[in-house]
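Using full-length UniProt numbering, you'd call the opening residue of the sequence shown number 1 and step up by one each time.
Any given hint could turn out to be false.
Said to hold, decoys possible - Okay, the calculated beta carbon distance ranges per label pair:
| no. | residue 1 | residue 2 | range |
| --- | --- | --- | --- |
| 1 | Ala-77 | Pro-319 | 54 to 60 Å |
| 2 | Asp-329 | Asn-205 | 54 to 60 Å |
| 3 | Asn-264 | Lys-201 | 15 to 21 Å |
To be verified - DMTMM-like cross-link-like pairs, simulated, lysine to aspartate or glutamate; straight-line CA separation at most 20 Å:
| no. | residue 1 | residue 2 |
| --- | --- | --- |
| 4 | Lys-194 | Asp-181 |
| 5 | Lys-362 | Asp-335 |
| 6 | Lys-176 | Glu-246 |
| 7 | Lys-51 | Asp-38 |
| 8 | Lys-51 | Glu-271 |
| 9 | Lys-35 | Glu-53 |
| 10 | Lys-201 | Glu-142 |
| 11 | Lys-176 | Glu-126 |
| 12 | Lys-173 | Asp-225 |
| 13 | Lys-201 | Asp-335 |
| 14 | Lys-153 | Glu-204 |
| 15 | Lys-176 | Asp-86 |
| 16 | Lys-35 | Glu-76 |
Rather than coming from a laboratory, the hints here were simulated on the basis of the structure.
Quick caveat, the model's predicted, so the values are computed rather than measured.
Each residue gets a CB set at the ideal place from its N, CA and C atoms; glycine is no exception.
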Amino acid sequence: MNLTDAPPSLQQQARHNHQAHRQSQFVLIENVVKKFGDVAAVQDVNLSVDKGELFALLGSSGCGKSTLLRMLAGFEAPTTGRILVDGMDITDLPPYRRPVNMMFQSYALFPHMTAAENVSFGLKWENLTRGERRERVMGMLELVQMTQFSHRKPSQLSGGQQQRVALARSLAKQPKLLLLDEPMSALDRQIRQKTQLELAKIIENVGVTCIMVTHDQEEAMTMADRLAVMSGGAIVQCGTPRAVYEFPNSRFTASFIGTANIFNGVTVEDEADHVVIRCDQLDSPLYINHGITGPVGMSVSISVRPARVRVSFRSPRQPANWSSALVTDVAYMGDYSICHVRLPAGMVLLANIPIHGATDEKVPECGDHVFVSWDAVDGVVLTS
Numbered sequence: 001m002n003l004t005d006a007p008p009s010l011q012q013q014a015r016h017n018h019q020a021h022r023q024s025q026f027v028l029i030e031n032v033v034k035k036f037g038d039v040a041a042v043q044d045v046n047l048s049v050d051k052g053e054l055f056a057l058l059g060s061s062g063c064g065k066s067t068l069l070r071m072l073a074g075f076e077a078p079t080t081g082r083i084l085v086d087g088m089d090i091t092d093l094p095p096y097r098r099p100v101n102m103m104f105q106s107y108a109l110f111p112h113m114t115a116a117e118n119v120s121f122g123l124k125w126e127n128l129t130r131g132e133r134r135e136r137v138m139g140m141l142e143l144v145q146m147t148q149f150s151h152r153k154p155s156q157l158s159g160g161q162q163q164r165v166a167l168a169r170s171l172a173k174q175p176k177l178l179l180l181d182e183p184m185s186a187l188d189r190q191i192r193q194k195t196q197l198e199l200a201k202i203i204e205n206v207g208v209t210c211i212m213v214t215h216d217q218e219e220a221m222t223m224a225d226r227l228a229v230m231s232g233g234a235i236v237q238c239g240t241p242r243a244v245y246e247f248p249n250s251r252f253t254a255s256f257i258g259t260a261n262i263f264n265g266v267t268v269e270d271e272a273d274h275v276v277i278r279c280d281q282l283d284s285p286l287y288i289n290h291g292i293t294g295p296v297g298m299s300v301s302i303s304v305r306p307a308r309v310r311v312s313f314r315s316p317r318q319p320a321n322w323s324s325a326l327v328t329d330v331a332y333m334g335d336y337s338i339c340h341v342r343l344p345a346g347m348v349l350l351a352n353i354p355i356h357g358a359t360d361e362k363v364p365e366c367g368d369h370v371f372v373s374w375d376a377v378d379g380v381v382l383t384s
């Protein structure tokens with residue numbers, strides 16, 4: 001039934017749902033392509049970000065994520081396509097006319113200005129009185145817990161403190177969209193882990209829509225409500241951190257987000273509730289408790305996360321998803337150990353073993369003969 005054939009009440013509801021969907025797309029990127037000469041840095045990207053969402057563009061160097069961020073900021077113009085923010089087409093607007101602000105990777109603080117002066121700098125062109133401007137500046141510094149350092153210059157601040165001042169400056173103009181370019185790259189690992197949640201909490205409290213670019217998967221997984229994995233200028237997969245990690249759609253995503261054991265095989269049975277795959281790398285077939293679309297005899301790849309793999313000194317009592325193995329290396333990581341085991345066909349498989357209650361008898365050591373296994377729910381069939 002077409003919309004025009006539906007009763008008036010259904011037509012009205014359909015239009016309302018369509019309008020609500022469009023309104024939820026606070027940032028809308030439509031068919032955006034960016035070419036530098038004959039090289040396409042961004043290839044036909046379609047993406048929407050909801051109001052108040054913290055969204056991450058995740059990928060390795062050269063994948064196109066920074067180019068896409070620069071097009072949102074207005075520093076680069078799309079070759080084709082358009083970009084909308086809150087219903088406004090900003091594709092051809094210069095940076096200073098966009099309701100967008102960007103926090104740069106280097107923070108770009110003025111070294112001769114104090115923290116308060118840095119935050120105040122962008123407000124000089126706003127229609128604010130001196131008192132209103134000071135109130136806004138102190139409010140922003142209080143938000144990022146930097147009030148007591150308002151008179152210090154950047155050289156007198158730590159890396160984390162400089163980041164907070166840069167964030168306060170970016171938020172002071174009350175942008176509709178905040179862009180973060182590798183926000184943690186200038187911080188050492190210990191400070192970075194602590195700052196990730198703090199920064200995400202500040203952005204959430206402000207309620208600003210935020211798009212961040214990062215090559216650090218841990219950063220994206222910790223901070224973002226949703227993320228898009230990019231490769232070769234295109235979006236490979238988009239979803240919540242949990243969904244992308246648990247259900248990767250390709251070998252690239254499975255390997256890029258976390259660590260994955262990837263098996264190759266051929267389907268020998270495909271039903272609505274399960275699929276059986278012959279895999280020469282294992283002593284048993286692979287059994288996954290969901291069907292796939294494709295003929296029997298189709299070549300497929302299967303991802304199993306190391307945390308899902310069990311290591312035992314006794315043969316598992318299950319008809320599928322197991323193999324004998326030889327331990328070749330054990331890396332102690334504190335709460336768990338990463339066990340490297342070689343399967344009969346030569347493939348090296350990784351298993352994360354908790355330190356407490358790890359195995360039947362003892363923690364495996366190099367040279368031990370063991371068995372690896374996992375459940376039917378732990379395998380994910382990759383589409384590409």
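Now for the hints, and whether the structure bears them out:
1. Ala-77 / Pro-319: 54 to 60 Å: holds (59 Å)
2. Asp-329 / Asn-205: 54 to 60 Å: violated (45 Å)
3. Asn-264 / Lys-201: 15 to 21 Å: violated (43 Å)
4. Lys-194 / Asp-181: holds (18 Å)
5. Lys-362 / Asp-335: Distance ~16 Å between Lys-362 and Asp-335 Cα, so the pair holds.
6. Lys-176 / Glu-246: Violated: Lys-176 and Glu-246 sit about 32 Å apart, past 20 Å.
7. Lys-51 / Asp-38: The hint is violated at about 35 Å.
8. Lys-51 / Glu-271: Violated, at about 41 Å.
9. Lys-35 / Glu-53: At roughly 28 Å apart (the allowed maximum being 20 Å), Glu-53 and Lys-35 break the hint.
10. Lys-201 / Glu-142: The hint holds at about 14 Å.
11. Lys-176 / Glu-126: OK: Lys-176 and Glu-126 at ~15 Å, within 20 Å.
12. Lys-173 / Asp-225: violated (24 Å)
13. Lys-201 / Asp-335: violated (27 Å)
14. Lys-153 / Glu-204: violated (27 Å)
15. Lys-176 / Asp-86: holds (8 Å)
16. Lys-35 / Glu-76: Cα-Cα ~10 Å, so holds.
The structure fails hints 2, 3, 6, 7, 8, 9, 12, 13, 14 (numbered hints given earlier, in ascending order).
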